[in-house]
Amino acid sequence: MTGPLTDVVVLDLTQEIAGPYATKLFADFGAEVIKVEPPNGDPSRKLGPFPSNLADWQLGSAPAEEKHLEKSGTFFYFNTNKRSIAVDLESEGGKEVFWRLVDKADVVVESFKPGKMDDLGIGWEAISSRKANLPLVSITNFGQTGPYKDYKGTDLVLYAYAGEMYSTGLIDREPVKMYGTAALVQSGSAAATAIMGAVMMGRWQGVGQHVDFSITDSHLVGVDRRHASVMGYQFSGRTTLRAPASGTRLLGGVYPCQDGWVDLDGGGARFHRSARQFLGHPEWLEDPKWDDPSIHQNPEMIEEFNAYFYVWLMEHTKREIWERARESRILCGPLFTIEEVFKDENFRERGVFQKASHSFLGDFEFPGRPFIMSESPWEYRRPAPLLGEHSAEILDECAFTTKEISRLAISGNVGVRV
Amino acid sequence: MTAQLPLEGIRVLDLGGVWAGTFSTLLLADQGAEVLKQENQFVWQPNTRAVPGPNISSQMTQAGPGWITGFPNSEPGPRPWNYHPMFVSLYRNKRSFTLDIRNEKGHEILGELAKISDVVIENSAVGTMEKLGVSYEWLKELNPGIIFLRAPGYGLTGDYVSARTMGSHLEGVIGHQLLRGYRNEGPDSNSAIFSADYIAGTQIAFAVMSAIWERKKTGKGQFIEMAQAENAIAMFAQGYMQYAITGTEPDRVGNQSIYPQESPTGIYPCKPEGDGDPAQGKDRWIAISISTDSEWKIFRTEMGNPEWAISPQLEQWENRYSQHDELDKNIAEWTQKFTDYELFHKLQKAGVPAAPVLDASRVPTDEHVQERALYSPQTLQDPIGEFPFPTPLFDFPAANGGIRRPPVAMGQDNEYVYRELLGINDEDWDLLEAEGHIATRFNDSLM
Numbered sequence: 001m002t003g004p005l006t007d008v009v010v011l012d013l014t015q016e017i018a019g020p021y022a023t024k025l026f027a028d029f030g031a032e033v034i035k036v037e038p039p040n041g042d043p044s045r046k047l048g049p050f051p052s053n054l055a056d057w058q059l060g061s062a063p064a065e066e067k068h069l070e071k072s073g074t075f076f077y078f079n080t081n082k083r084s085i086a087v088d089l090e091s092e093g094g095k096e097v098f099w100r101l102v103d104k105a106d107v108v109v110e111s112f113k114p115g116k117m118d119d120l121g122i123g124w125e126a127i128s129s130r131k132a133n134l135p136l137v138s139i140t141n142f143g144q145t146g147p148y149k150d151y152k153g154t155d156l157v158l159y160a161y162a163g164e165m166y167s168t169g170l171i172d173r174e175p176v177k178m179y180g181t182a183a184l185v186q187s188g189s190a191a192a193t194a195i196m197g198a199v200m201m202g203r204w205q206g207v208g209q210h211v212d213f214s215i216t217d218s219h220l221v222g223v224d225r226r227h228a229s230v231m232g233y234q235f236s237g238r239t240t241l242r243a244p245a246s247g248t249r250l251l252g253g254v255y256p257c258q259d260g261w262v263d264l265d266g267g268g269a270r271f272h273r274s275a276r277q278f279l280g281h282p283e284w285l286e287d288p289k290w291d292d293p294s295i296h297q298n299p300e301m302i303e304e305f306n307a308y309f310y311v312w313l314m315e316h317t318k319r320e321i322w323e324r325a326r327e328s329r330i331l332c333g334p335l336f337t338i339e340e341v342f343k344d345e346n347f348r349e350r351g352v353f354q355k356a357s358h359s360f361l362g363d364f365e366f367p368g369r370p371f372i373m374s375e376s377p378w379e380y381r382r383p384a385p386l387l388g389e390h391s392a393e394i395l396d397e398c399a400f401t402t403k404e405i406s407r408l409a410i411s412g413n414v415g416v417r418v
Numbered sequence: 001m002t003a004q005l006p007l008e009g010i011r012v013l014d015l016g017g018v019w020a021g022t023f024s025t026l027l028l029a030d031q032g033a034e035v036l037k038q039e040n041q042f043v044w045q046p047n048t049r050a051v052p053g054p055n056i057s058s059q060m061t062q063a064g065p066g067w068i069t070g071f072p073n074s075e076p077g078p079r080p081w082n083y084h085p086m087f088v089s090l091y092r093n094k095r096s097f098t099l100d101i102r103n104e105k106g107h108e109i110l111g112e113l114a115k116i117s118d119v120v121i122e123n124s125a126v127g128t129m130e131k132l133g134v135s136y137e138w139l140k141e142l143n144p145g146i147i148f149l150r151a152p153g154y155g156l157t158g159d160y161v162s163a164r165t166m167g168s169h170l171e172g173v174i175g176h177q178l179l180r181g182y183r184n185e186g187p188d189s190n191s192a193i194f195s196a197d198y199i200a201g202t203q204i205a206f207a208v209m210s211a212i213w214e215r216k217k218t219g220k221g222q223f224i225e226m227a228q229a230e231n232a233i234a235m236f237a238q239g240y241m242q243y244a245i246t247g248t249e250p251d252r253v254g255n256q257s258i259y260p261q262e263s264p265t266g267i268y269p270c271k272p273e274g275d276g277d278p279a280q281g282k283d284r285w286i287a288i289s290i291s292t293d294s295e296w297k298i299f300r301t302e303m304g305n306p307e308w309a310i311s312p313q314l315e316q317w318e319n320r321y322s323q324h325d326e327l328d329k330n331i332a333e334w335t336q337k338f339t340d341y342e343l344f345h346k347l348q349k350a351g352v353p354a355a356p357v358l359d360a361s362r363v364p365t366d367e368h369v370q371e372r373a374l375y376s377p378q379t380l381q382d383p384i385g386e387f388p389f390p391t392p393l394f395d396f397p398a399a400n401g402g403i404r405r406p407p408v409a410m411g412q413d414n415e416y417v418y419r420e421l422l423g424i425n426d427e428d429w430d431l432l433e434a435e436g437h438i439a440t441r442f443n444d445s446l447m
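Here the protein sequences come in this chain order: F and X. In terms of the numbering used here, the first sequence opens at residue 1 and continues consecutively. In terms of the numbering used here, the second sequence opens at residue 1 and continues consecutively.
Keep in mind the hints are simulated off the structure, nothing from the lab. There could be a bad hint or two in this list.
Computed list of lysine-lysine pairs in DSSO-like fashion (alpha-carbon distance at most 27 Å, straight line) [to be verified]:
(1) F:Lys46 <-> F:Lys149
(2) X:Lys217 <-> F:Lys104
(3) X:Lys115 <-> F:Lys113
(4) X:Lys349 <-> F:Lys46
(5) X:Lys297 <-> F:Lys113
(6) X:Lys140 <-> X:Lys115
(7) X:Lys329 <-> F:Lys152
Everything numeric in this text was worked out from a predicted model, so none of it was measured.
Please construct the entire structure, taking both the sequences and the accompanying hints into account.
Here's what the structure looks like:
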């Protein structure tokens, strides 16, 4: 069985994180994604993690950056199952290649700054006059229009402006973001639905159009609290301030335990239903005073509870606590390290990890399928491509002759690996 | 002629809840699907219409954070579940009907609807659908083309099937709680965030659309299982890749970039509003990300080439990375002289990535938000006034998208579902109402 999108060709000009994640979802579910990279590669090829440790970089003993173009963990993850052709879109030969690829494509996806495609002569006007039913999806920081369209963005900058960062963290400190590039990955995931819709309209209705996907917009109206904080403000005039999840509730928040931390939410109605079972019916908890619903807002009672609870926590591991929470139906999550997730039997047996073999990175396992489709499953067909790894075969598929291919390679318009 | 939205003609039976499920069907509705949200006057689906339950007292709406208790005009109104700030904006472009699917008749009617639907989505804890007798086998027998997607926290098999979880807990399990937050604080300083709901919502929509694409070719429906914890791993891909290729655990980096080349990167204080009391929301901050050596030189010039910054050593990111904390202190002294918007425009116009950290009150008036019309005034069914609501994440310019229907109230489309779709007569309607299936309020027993 193969993925559902095997009959979709995506011409992918995106770089960095958000765009490549969107097109990775297509590639992972069977689409033919042709990644058009500049001759020096997608800039994310220069981003870590690298197999050589970070310390080597700081000490200056790591090899020169260029040698790492094929060793980026970031590039690998966001580009599995794609093929790469290295094209200089500034050159005439490169543009000719682009137009031949357009003829094959069901959708063009790009992430240049607004106006760049037009400057290159391959913008929306040109695309639609070449092929009227071909959609173009542009994924940019602030969109194609508006006062900030030419502004730059990074995960931090975009999340600060558009996401619910202001209310994340401690009140007496600066707001704090999510890990890594989580906000960009979220936007990439949302962008995949935009691309899919555009492909459907193109194929089923013969409609081409230019879809303007703005990363900031996808957070300004997005679902990790931003939609709620803005709505709540419009309704009540009250804003949402930074507050930790822990410390003010009965049996709620992140707690230390014998071997780490657990996140628990067993307060409110759940407390009366489940707390005794969860804690193994200790004598102190049999007192009927714990049945009074008003204790949940009472700092003295919370303190009294915690005096017993912290002792109990230190006697139990996070896995033991989670098991008890499952039995007593209390919301809970142990705080695992990445290593613990990789080694976790449940995740391993469910097939979360995929083996990979890569000519520069070696053999390793990485997180594979995002969901399971019974009839058209996720499939790992190939590792992320080397820069220009598929230039020659893609040119061949576009009916360039051997002679033309060597001309393009010699002129540097296309990077062909030998 | 205007084109149709991509999913016009697709009917989605929405048995989902919380943000993940509710967001997923919102995205499908925005793309033209007819989403029928099933509700039940006797069952309080956790965190789907309001928190902590349908009985919101006037007192509860007077104080507390806007996103949880900020009701329209700080009043619970006649039917508070129809305008809870955590959910109301997720009900645009949808239809709502009520049906008690716990009994035989309700189950039978659900089956009738499944026959005329294309997609069924649910994301309850494992056991809920089993108890209700809703399975892929049952749905497939009624409708071979049906696409059924289930998205429990940890999937349908394995050791953690019975785990109860919200987005915040499963982020702990897949590592995010240890990876995010301040570098020198423990994870008990973390705020509860729900990034997993965002990615699950978008990928449920993507999965369903992919299955619709497949069905168009083969005529066959399918079953999709999404374990939300597994799905959310992608957000932390670089951390997983670090372990994968080096065997080392990634560090918590706070607001710094995980890429050392992008140093300095951080959140810096700006000239506050009034006394700057953060407990009143008057503190102001700017995000700055110096992503390249050349951006550093521009930034240095914008700061007026201060003594501490002019060392040529700092022109190399390796040195900016190793001196990050010291640079942060110096940068913070400079940023405090400006308002966040002043600095935003000054730095961006010079070519340095920066932006204010916007709290909710400042979003609606922001120029970008206004010019791109990200909020649109809508009137709800109950007379609570007109308020700006978020619009879809993106538009298809060839079709008429946007907000086609304002956020739906509970049971607002009972007429449509029962009379138009199911062809029920007046007599049956009265009976269904008497039996508690048809309602527009939660039952008094839940109040």
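Quick rundown of the hints versus the structure:
1. For the hint linking Lys46 of chain F to Lys149 of chain F, the alpha-carbon distance of about 26 Å falls within 27 Å, and the restraint holds.
2. Between the alpha carbons of Lys217 of chain X and Lys104 of chain F the distance comes to roughly 20 Å, so the proposed pair stays at or under 27 Å and holds.
3. Between Lys115 of chain X and Lys113 of chain F, the direct Cα distance comes to roughly 47 Å. Violation of the 27 Å bound is thereby established for this hinted pair.
4. A threshold of 27 Å between alpha carbons decides the hint, and for Lys349 of chain X with Lys46 of chain F the separation of about 26 Å falls inside it, so the pair holds.
5. With a C-alpha separation of about 22 Å, the suggested pair Lys297 of chain X and Lys113 of chain F falls inside the 27 Å cut-off, and the hint holds.
6. With a CA separation close to 9 Å, the supplied pair Lys140 of chain X and Lys115 of chain X stays within the 27 Å bound.
7. Distance hint between Lys329 of chain X and Lys152 of chain F is fulfilled; the C-alpha atoms sit about 24 Å from each other, no more than 27 Å.
Of the hints listed earlier, the one the structure fails to meet is number 3.
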